[in-house]
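**Student:** Sequence:
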Amino acid sequence: MLQQYKRVLVAVDGSKEAERAFQKAIQVAKRNDGSLGLVHVIDTRAFSSVANYDTSMADKATEYADELLSGYKEDALKGGVTKVETYIEYGSPKTAITKEAAKAFQADLIMCGATGLNAVERLLIGSVSEYIIRHSPCDVLVVRNDEPEYAE
Numbered sequence: 001m002l003q004q005y006k007r008v009l010v011a012v013d014g015s016k017e018a019e020r021a022f023q024k025a026i027q028v029a030k031r032n033d034g035s036l037g038l039v040h041v042i043d044t045r046a047f048s049s050v051a052n053y054d055t056s057m058a059d060k061a062t063e064y065a066d067e068l069l070s071g072y073k074e075d076a077l078k079g080g081v082t083k084v085e086t087y088i089e090y091g092s093p094k095t096a097i098t099k100e101a102a103k104a105f106q107a108d109l110i111m112c113g114a115t116g117l118n119a120v121e122r123l124l125i126g127s128v129s130e131y132i133i134r135h136s137p138c139d140v141l142v143v144r145n146d147e148p149e150y151a152e
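Residues in the sequence shown are numbered from 1 upward in steps of one, following the UniProt record's numbering.
One should not assume that every hint holds.
[Unchecked claim] Computed Cβ-Cβ distance ranges for the label pairs, DEER-style:
1) Asp139 x Met57: 31 to 39 Å
2) Ala58 x Gln3: 36 to 44 Å
3) Ala58 x Gly80: 33 to 41 Å
4) Glu100 x Gln4: 34 to 42 Å
Source of the hints: derived by calculation from the structure; they are not laboratory data.
Predicted, not measured: the structure shown is a model, and the values here were computed from it.
Ideal Cβ placement from N, Cα and C applies to all residues, glycine included.
All chains should be modelled from the sequences, with the hints used to inform the complete structure.
**Tutor:** In structure tokens:
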């Protein structure tokens, strides 16, 4: 039985890893005549560490997110996806993607890029993609680097 993913949510942040996930998400959405959801999470935990938090930081982050998502949406439409929705979430990327965005979009597949953290970094801060895999309400596809790291 071939799974037909009709509501594909992809997490984007402007990184190369997210770009790869986005490109593959376009292919999945097109192949299944599905909808593509684009989510960018503004990590508000970073704001709490700034002594003199001021709303201009949040405004700038939201403006950047709007521009980023607009560019991705335009690329998806040019790529042949006809139904594209965008979401800006605030908070921890791990929980915002799995709890808020996946629920709001009613995703049946979440796609994200592999971050490439080493074992120590994963232990200290945790991997967003790892958290998504463990806590997602739907299937997850973690897109790895296109270049295999092993010799053939």
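**Student:** If a hint holds in the structure, say so; if it doesn't, say that too.
**Tutor:** Here is what the structure says about each hint:
Our hint of 31 to 39 Å for Asp139 and Met57 holds, since their Cβ atoms are close to 35 Å apart. Between Ala58 and Gln3 the Cβ separation comes to about 38 Å, which falls inside the hinted range of 36 to 44 Å. At about 35 Å, the beta-carbon gap between Ala58 and Gly80 stays in the expected band of 33 to 41 Å. In this structure the supplied range 34 to 42 Å is violated for Glu100 paired with Gln4, their Cβ-Cβ distance being about 25 Å.
Of the numbered hints listed earlier, the single one contradicted by the structure is hint 4.
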